[in-house]
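Spelled out from the first residue to the last, the chains are:
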Amino acid sequence: MVVKQLSVYLENKPNTLNKMLQVLTEHGINMTAFCVADSVDYGIVRFCVGRPELAYSILRENGYTVRLTDVVCIEVPHESGGLHKAIRIISESDINIDYMYAFADGGSAKVVIRCNSTERLIEIAQANHLELVKI
Amino acid sequence: MIWNTSIECMDRESMRKLQGERLRNVVEHVYHNCAPYRERMQQAGVKPSDIQSIDDIVKLPFSSKQDLRDYYPWGLLSVPQSEIVKIHASSGTTGKPIVMAYTRNDVANWAEAGTRCLAAYGLGKDDVIQVSYGYGLFTGGLGAHDASMNLGATTIPMSAGNTEKQLLMMRDLGATGLACTPSYALYLAEALEKSGIPRNEIKLKVGIFGAEPWTEEMRKEIEYRLGIKAYDIYGLTEISGPGVGFECECQNGTHLNEDLFFPEIVDPKTGEVLPEGTEGELVFTTLSKEGMPMIRFRTHDLTHLIYEKCSCGRTLVRMGRILGRTDDMLIIRGVNVFPSQVEAVLCTLEEVEPHFFITVDRVNNTDTFDIEVEVKEKYYSDVMSEMELLRKKIAHAIHSVVGIQPNIKPVAPNTIERSQGKAKRVNDKRKFK
Ligand SMILES: [Zn+2]
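Chains as they are written, first to last, in our numbering: chain A, 1 to 135; chain B, 1 to 433.
Isolated chain B, as found in the complex (with noise of 0.2 Å):
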């Protein structure tokens, strides 16, 4: 179901101009209120009235994840801290978290957006919502919450962990949505699959699933293991949360709320904007933002955009699968190497979980490049050459995707960590400098 087909059918000559509208608006109040982007505006000798339509979007200088961290936490507040009604913090994986700040309306808002993908899933007032992903700092579980209860479904805050409750609640309360992390969803269907609970006591037949990148392969896997349908919704912190795209019924590309969350794609090196559906870097500026809007955000995720009008009636810009990001991206023995396409070949070998973990150093001036690999029970062998055949065979069709071979190392199931938020897959031990 479409739910605001003035916004997601507009025309795109309408929806240009309403983009224009917004950011001339959103300029004008980062300009007066906040005194880094009014500096910042100042040395690049843009000035608000020279923002006049969306196009002159690419005068405005670029902000980043740094930004955040070095006026950290007040710093980027465009209006007063009385006006701030919610806080919300990226887990902070080097030295300061991001704090992100809400007023009512941006709230109201990104509410609205999130509600835009529930409907898009099928979901719907009669539904009811399991949220799943971490309560609290993190944005995942109280974005889906107000989403879900914006639609009107009956909400469960379940929050992650607790995976007996989980599976009680959801089968007690008749759970027909799921929202959380696609690892944390196998980790559920595992668990599912170990309770002995039948399938037909459970009632979900939709996935929400968010807050890391996944591949089409897990999309299989946990579509078949849950039974359900999985749908992507994207989002990051620092544009608001869960709920900036969705994936519509033909699963071909993922919408975004462009009306409230303006995207471009750059080059990730030079910075400037790239043709229509070239591969580059991803870029985002909040339209409506009031606490701390975000100007031409590098988002470090590497995409490309689709414009056509999508065969679900929506004119909504569709954004392509996220390749990787810039800054997850592996240059091991100079091969570019992302941990999805690790990801999406194990997914793809009937004797290992897709759970892995990737460890790379520099030993003797050479990279080494270890994956730890959870090989299912069954294919165990007590004999040592077949297990060496088994890691043969892995570490081959990985180096036929990748480019370059890997050593692989055979854990037992459930030995590597089941992340309930954002899956930390890579630890990189190498010293650049």
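So that you can see chain A by itself, here it is in the shape it has in the complex (with noise of 0.2 Å):
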């Protein structure tokens, strides 16, 4: 259940997010899971799209820095105390989160998680009967 994110290195330019994103609007490539992580001369865009690789080569092409990056998108119930038991558990094992954001679809949230072992996360979400997703 790992998913392939993409990350395309932005400058901190006016108008640069907005001509990535008209690439892949042009495509008709939908994002379903997006994140911004920025300094002052520059971001990194955080996605998950339907056909990652197809995303990944259109942007190649059109000149951007562009990695995939495995992740893991967990879905926890939308409502309170829902996301907070998934963090707990994967706080209490031995892994090491780099980074990960949340979104909400329909009646479920879901979060997308970068960490230093993903297949040991895997193994712990499912002992531990969390839901994993694919985008």
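Just so you know, the hints here were simulated from the structure itself, not pulled from any lab data.
Quick caveat: nothing in here was measured; it's all calculated off a predicted structure.
In this text, a Cβ means the ideal position worked out from N, Cα and C, and glycines have one as well.
Stretches of chain A that chain B covers, calculated by requiring three or more beta carbons in the stretch to come under 8 Å of a beta carbon on chain B:
1) 6 to 20
2) 34 to 45
3) 64 to 72
Make one complex out of these two single chains by using the hints.
As structure tokens, then:
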């Protein structure tokens, strides 16, 4: 249940994010989860799409610096304490989370997690009956 | 191979005699045929008869790039325009371009100088030389072209640009020599890597690189990536173009064709000639030029001269590496910074390409020192903290050499403009008065 996430590197200049999104729109690619990490000079845009390999090659062809990164997506009940429970289980394990971001999708909430060991995270999630999903 | 043994291996005493004779002639020539030179000599109280030997050169006034601008385009012409067979010009970075005019003899002497360079690199009539300097007003293309023809090599007048065709010709015609700027050589190396053409289908063995300062590290990078031996060819438009100097197989300094271009090292501030071996500003006098001779032309290049005989057998004086230019040296927060230092550091870091762009500005009375650096694709991390560590590592490496802390802006590979002529690597936005 490994999910391939795209990470695109953008310079912090006006309109760069807009242009990148335009490229994806033109190719009919729909983003499910999306998050921007930024510093003063540059930003890293992370997102998940239905066909990551296709989006990857389109972005590369358009000159973007892009990486495919293994992440895990966990579905949690869209209610108070839903996310907390999942995070507690992971925190109590030996996994280091590099970053995570969450999004709601209809009745459920999902959280994308990038950590030092994707396999270990999947094991722990399965052992604790957390629901791993594809995007 | 030594192209012109009688000149290149001439004993020092004979050389100085030859230089003295030629200096007398050229001074006589400009005094009688070029009003600005005559007026300037009169102001300095020097007559042609005061110039008896090469030692008397110190009596003559300097000339500069500014003179060429002030007398643009024909003011420094020392022959009737009907004697001029071709023109070159430097890209005018500020205002007017600088125009150089050549007589038939000037073109022949320049080709002779260039041919000595190519022969020193081990090239000969069996070689195929691809000239990928820009052809046109820039001296690089046609200068290397004439030298290559004079050598008797098969000359491919590629000019710069059209990368695919560059690689196609290089492979199909079996080019053994490549003449271009070092930054363009790196660009072609990248293109070759991407093209998928196997290295054994390329016969390239020698690079003839010049027109911009480069570092030892950049040389190693080019040699490694293209699998060739890379030689520096030195030249400047005002003096003729590529071929003023060259490296021999010892690569222990740049031999200057001093029978044609007489070098001096002076104090950049006082103009005083400095003792042998001292670092200072390089000054050239063209000893055989007819069209637009330059007398004691200030190059702004900082270097030193070595007069000992070279192990290659040549006695031609050698110039040390050019440390920078008096006019491209940046003073940031009171510290002297040469872009070549930044380049040298970047070449030692595996994570980055040796392409960079420096922006200097003054914000709240403090100088800013930003460097855009291309981080290689595989070293990108999508974890912010790892990117920050890499930025710190680069900044620290530059700080330790340059002496001040830069702000590193990582950019994607191939985003910094690759120049096909002289690379522009600095934008100084500070306004001083
Ligand atoms: Zn030598």
